[in-house]
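*Asks:* As a plain string of letters, each chain reads:
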Amino acid sequence: MSAKEVRASDVRPLPVLEETLNYLLSLLDSTEHPFEVIHDFVFDRTRSVRQDLIMQNIVNDKAINMFEKIVKFHVISHHKLRSSCSSSSISPLHYLNLEQLTKALTSLYNLYEANWSSKPIHEKEAEFRSFYVLLHLDSNGQPVGESLSLWFRHVPSPIIKSKEMWFARQALRYFQMGNYRRFLSTVAAEASYLQYCIIEPYIDEVRSLALCCIHNCYYKLHPYPLGHLSKVLMMEESDVELFCNAYGLQTCIDELGNKLLPTKQTTFCRPKGGLQNYSFLGFQQLGRQIEL
Amino acid sequence: MAYMSMGEAHRRITDYLNRFSDAVSSQDVVSLKQLLSFSSNSPSLLSLADSLNVFQDANRLIKQSDNYSPFADITVPLFRSLQHYRTGNLVDAYLAFEKSANAFIQEFRNWESAWALEALYVIAYEIRVLAERADRELASNGKSPEKLKAAGSFLMKVFGVLAGKGSKRVGALYLTCQLFKIYFKLGTVHLCRSVIRSIETARIFDFEEFPKRDKVTYMYYTGRLEVFNENFPAADQKLSYALINCNPQSEANIRMILKYLIPVKLSIGILPKDWLLEKYNLVEYSNIVQALRRGDLRLLRHALEEHEDQFLRSGVYLVLEKLELQVYQRLFKKIYIIQKQKDPSKAHQMKLDVIVKALKWLEMDMDVDELIKLAFSLDE
Chain A
1 MSAKEVRASD
11 VRPLPVLEET
21 LNYLLSLLDS
31 TEHPFEVIHD
41 FVFDRTRSVR
51 QDLIMQNIVN
61 DKAINMFEKI
71 VKFHVISHHK
81 LRSSCSSSSI
91 SPLHYLNLEQ
101 LTKALTSLYN
111 LYEANWSSKP
121 IHEKEAEFRS
131 FYVLLHLDSN
141 GQPVGESLSL
151 WFRHVPSPII
161 KSKEMWFARQ
171 ALRYFQMGNY
181 RRFLSTVAAE
191 ASYLQYCIIE
201 PYIDEVRSLA
211 LCCIHNCYYK
221 LHPYPLGHLS
231 KVLMMEESDV
241 ELFCNAYGLQ
251 TCIDELGNKL
261 LPTKQTTFCR
271 PKGGLQNYSF
281 LGFQQLGRQI
291 EL
Chain B
1 MAYMSMGEAH
11 RRITDYLNRF
21 SDAVSSQDVV
31 SLKQLLSFSS
41 NSPSLLSLAD
51 SLNVFQDANR
61 LIKQSDNYSP
71 FADITVPLFR
81 SLQHYRTGNL
91 VDAYLAFEKS
101 ANAFIQEFRN
111 WESAWALEAL
121 YVIAYEIRVL
131 AERADRELAS
141 NGKSPEKLKA
151 AGSFLMKVFG
161 VLAGKGSKRV
171 GALYLTCQLF
181 KIYFKLGTVH
191 LCRSVIRSIE
201 TARIFDFEEF
211 PKRDKVTYMY
221 YTGRLEVFNE
231 NFPAADQKLS
241 YALINCNPQS
251 EANIRMILKY
261 LIPVKLSIGI
271 LPKDWLLEKY
281 NLVEYSNIVQ
291 ALRRGDLRLL
301 RHALEEHEDQ
311 FLRSGVYLVL
321 EKLELQVYQR
331 LFKKIYIIQK
341 QKDPSKAHQM
351 KLDVIVKALK
361 WLEMDMDVDE
371 LIKLAFSLDE
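So the protein lines, in turn, are chains A and B.
Counting in full-length UniProt numbering, the first sequence runs from 1 upward without gaps.
Counting in full-length UniProt numbering, the second sequence runs from 1 upward without gaps.
Honestly, the hints are just simulated from the structure, not real lab data.
Be careful, since some hints might not be right.
Straight line, CA to CA, 27 Å or less: simulated DSS-like cross-link-like pairs of lysine-lysine [to be verified]:
# : chain 1 : residue 1 : chain 2 : residue 2
1 : A       : 161       : B       : 185
2 : B       : 265       : A       : 264
3 : B       : 334       : B       : 265
4 : B       : 333       : A       : 163
5 : A       : 220       : A       : 259
Reference listing, derived: stretches of chain A covered by chain B, where coverage requires no fewer than 3 residues with Cβ under 8 Å from a Cβ of chain B [unchecked claim]:
# : stretch
6 : 66-72
7 : 120-132
For each label pair, taking beta carbons as the anchor points, the in silico distance ranges come out as [to be verified]:
#  : chain 1 : residue 1 : chain 2 : residue 2 : range
8  : A       : 158       : B       : 200       : 49 to 59 Å
9  : B       : 112       : A       : 51        : 49 to 59 Å
10 : B       : 10        : A       : 56        : 48 to 58 Å
11 : A       : 26        : B       : 255       : 53 to 63 Å
12 : A       : 117       : B       : 193       : 28 to 38 Å
13 : A       : 158       : B       : 329       : 28 to 38 Å
Just so it is clear, the structure is predicted and the values come from calculations on it, not from any experiment.
All C-beta atoms, glycine included, are put in the ideal place defined by N, C-alpha and C.
Please put together the full structure from these sequences, using the hints given.
*Replies:* What follows is the structure, given as structure tokens:
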């Protein structure tokens, strides 16, 4: 791999750090190597860029810009590393990435706050603040940093009223209520690409819940049309069948050729091991939003 | 300000210094307290400040007298602080007061009994309040406010002095409460954890020994922390303790406790009476209670929106938002009761489309799939 050797022991001035970061991020488009290898290389070096910025107490607009790019890298890795590992347990790489994502995000928030008097709102602040909410959808999970109630206390009002934050709070509300229908349709309609990447692990959880509910509650005499299930789960119809099969459920076809899911099957069981990655309706539009 | 002669100024200064040394030698904490309480803005302290401006050589006066020189380390910076305080220069007032307080702590350590504890309380209080005002001054001058943080570190040191086996240890809870106030104000709430650990698990302290007033304040703040972490049983227990043991005359304090206790009680299905909300001016909760009683989701959402900023700032918004499920439960129960009256034989089977219709009538747009999930969760 062609490398501009970056020595972590040097404390580099800002222009050098900017150039270094841009170079590192340009490597992410490379198709020469598997993503894990590129990620690993960029991961270590962006961490040292962050350290150099913090050590020199650089807190201006340029620092914000760089931290936003680094957070973006971690968010996209969060998504890509997940697709590349097939086991249900989170790989160490994925876990370490999440750890650094949280640290970089915290530093970024400190930078926003430090710049509050000189420039109250940064263009992307609302979206990057919304990430914190999306990382804490599951209040029973491991709390990473402050609880949400505490965290909201010091978020500026214009950010709370932003559409990105509004989306995150709606997602939180629907997730906690278990309203799978609105959760999935809101994500499809409103999430940005980066927000989707963060919320992706919860999507599987919600789909599980949806299948569970529909399967257990619907009248036995009225099998559930797969076409409709596809819209509820926000999943391609072909994937829906595989998804049902993973839960030990069989589908059938009626006289008109429509695929259906009979409910209250006795073979229903949770899949052992992880789920494969399924499609998400509307993902293609999200994909066009990436730019680093 | 009436003209004050040099002689008059000199008299007032020596008067103060005499009272100080008398208070210490006779262990008279009531008198000593008054000499330290800047924020009381007592006429005697104010006129002392004026005197110091007129008679500018107080330091020499202190150092040259056998009566006053033992306390020079305390009184010299104290006088300086008072002068800055009088001229509204709060940053310098804080710095000088901290210096004086530091010297006071050294003396306090040497006094065997806990006679001066209440004077120590006054000092702790003044440190916090002066630091808050100093930070406001810094912020208004475009500088970074860091005095309150410094006050926090200082008070932690004082806490350490009290955390011993002697009779002084009952003062630790008062210090803890001052620290809580600082951490809550600064938003560095996670720092509460180490003090809490010292109070609750160190074997030096017996919680029951502490003064009641301090226990109430302590439970109020630790109860609020439980609300932030959504530990409702613990929050209920602590905030209820604070409420029960709070001075019934002190309506402002009761209101503060209720502000956090009510969302907790709502979460466990206990609704306050309307007169309570009115008496303590907590009407922001009225519509929420009403929504829970009626099963009216629209009203809940409206109430949350109307007071969104307030609820978010106090940290109860997410708790209240979760009441949505309970509102649905109430609604379903009402529909069930109505249906049962119409057709008792079919009561146990609530038709989904009947519910969808009822919800539509209430302008709550919900499709059958959302309903399924609701039904599933209410079953539990």
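*Asks:* Next step is simple, just say for each hint if it's right about the structure.
*Replies:* Evaluated hints:
no.	hint	in the structure
1	A:161 / B:185	24 Å, holds
2	B:265 / A:264	38 Å, violated
3	B:334 / B:265	22 Å, holds
4	B:333 / A:163	35 Å, violated
5	A:220 / A:259	16 Å, holds
6	66-72	violated (count 0)
7	120-132	violated (count 0)
8	A:158 / B:200: 49 to 59 Å	40 Å, violated
9	B:112 / A:51: 49 to 59 Å	51 Å, holds
10	B:10 / A:56: 48 to 58 Å	55 Å, holds
11	A:26 / B:255: 53 to 63 Å	59 Å, holds
12	A:117 / B:193: 28 to 38 Å	30 Å, holds
13	A:158 / B:329: 28 to 38 Å	36 Å, holds
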